[in-house]
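Take a look at the letters that make up each chain.
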Amino acid sequence: MVPLKVDALRKSYGGHQVVAGISFALQRGECYGLLGPNGAGKTTTLRCCLGLTAPDSGSITLVDEPVPARAREARMRVGVVPQFDNLDPDFSCAENLLVYGRYFGMADTAIRTRIPQLLEFAGLAGKEDTSIRILSGGMKRRLTLARALVNDPDLLILDEPTTGLDPQARHLIWERLKRLIADGKTILLTTHFMDEAERLCGRLAIMDAGRIMVEGAPRELIKSQIEPQVVEVYGEDAPGWAQAEAGAFARRCEVSGETAFCYVDDAAPLLDHLAARPQLATLHRPANLEDVFLKLTGRDLRD
Amino acid sequence: MDLSIRALAVWRRNFLVWRKLALPSILGNLADPMIYLFGLGYGLGGLLPQVGGTSYIAFLAAGTVCASTMNAASFEALYSAFSRLHVQKTWEAIMNAPVSLDDVVAGELLWAASKATLSGAAILLVIALLGLTHGMQALWVLPLIFLTGLAFAALGLCVTAVAPSYDFFMYYFTLFVTPMTLLSGVFFPLDQLPAAMQVAAQALPLTHAVGLARPLLLGQVPTDVFGHIAVLTIITVAAFATAVSLARRRLLK
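From first to last, the protein sequence lines are chains C and P.
Residue numbering for the first sequence follows the numbering used here, beginning at 5 and increasing consecutively.
Residue numbering for the second sequence follows the numbering used here, beginning at 2 and increasing consecutively.
These are calculated hints, taken from the structure and not from any lab test.
You may find that some hints are simply not true.
Derived SDA-like pairs: lysine to any residue, alpha-carbon spacing no greater than 25 Å straight-line [stated by the list, open to error]: (1) 90/P <-> 61/C; (2) 90/P <-> 48/C; (3) 90/P <-> 16/C.
Okay, chain C solo, but in the shape it has when bound (with noise of 0.2 Å):
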């Protein structure tokens, strides 16, 4: 089977390229992750797979059905979280479950023999009867995460699951993510999340502007694309010295606001010219995925 194969994709609005030309191909029982700034084109590339929109140009192959044309065959086997939560607001969990069973054309029967392991695998066990209304954000994303699984779909479709969530909550949808990866499940994951996404993705793409920057296994990303390690220089002082005197430590430095971020193979000379001024606060760390997407996307705001 092909979870998901996409090639030479282009979407256009009014004449402003969401979409660039993009192609990349999940394999069977791999999280795949979409990476971006706001703006990238991550949830257009989305719609597109799920035949919600209909592409300028390229194909799409999504669970071994082309799309658009068989896109309604296509999301018989595949399971969506959307970005924003849309869970029916009138009714009890069980309910939820139920009637987004029907949608597939699951019997009643069916689908109610499974509401108590999927309320079980989103922790909440026993909440059948319990209103949506009075659901934290972090339960209501993983009953979205369970109605998703209703139809025990080959590909898992999540559209940034853990924007807007507390650390207990993002932590506990990973726990979940991960179990089924375990379990064999394929997953395509979009997020900006870059902790995320070194978390729970065997690969990655990093987009921008419509475009797949690079693409690979996120330890391989930072050992390719970046210096393996980052001395991030604090205070009122620091931009000053970074123009003045981090080139000769640092193979690349960037400020931003009042920090300085020096990019280097080796810290120790650098270390040992910051003990000299007490003044400029530092933090030596390996360099991790947000430097990779930082130094590909830019340090600018996307609004």
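Go by the hints and put chain P onto chain C.
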């Protein structure tokens, strides 16, 4: 048109919500038309000799059934459907499953017509209990109000598909629904209107609903049955196709 049996799952979703509040919903829908029927029927009717060859309240009964069917279908297809489309994003949730947007619009259409039929039937029952119907032929009003519900649900869904907010629906009611109620023979016979307006009234769907319902309730044989049904059917089909295409433009772009 990408229609399937899944449209019924959308209908069932709305039915499940309605079932939770069924009794207050039916009673609420009854209150308004009953006030019109009794207030105008007895109050105004007391001042009038026979209207159209019958008592005014018996004349008004058929109009009340049709007008409240229209109102119920319009409210459901406007306010309630818009909540699901725009506020709750229910339509988007459904479309992530193997249900097409066309199915969703069809499900909403059938649901609004069903709810309108229930509304009209409740009034029909009250009218029958008051002795204002003549025999079993009044039951023919049931399929008629379902068709009337379909026509107004389809028209309402066109407006919903382009509405930016709830306020938008005020225009539909003040510019279309309210004038139509006054010009379709609900409150007085059409021949009271100037000749030009009588012709214009033939373009209004409510005119055709009332034109069939009134003889059916008064124990008369309706005339031009085929013409009335054809107009309501054509409006339903054309408005549904328009609603689907407007909804696609809004959601599938």
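inquiry  = So, against the hints stated earlier in the document, which numbers end up violated here?
reply    = 1
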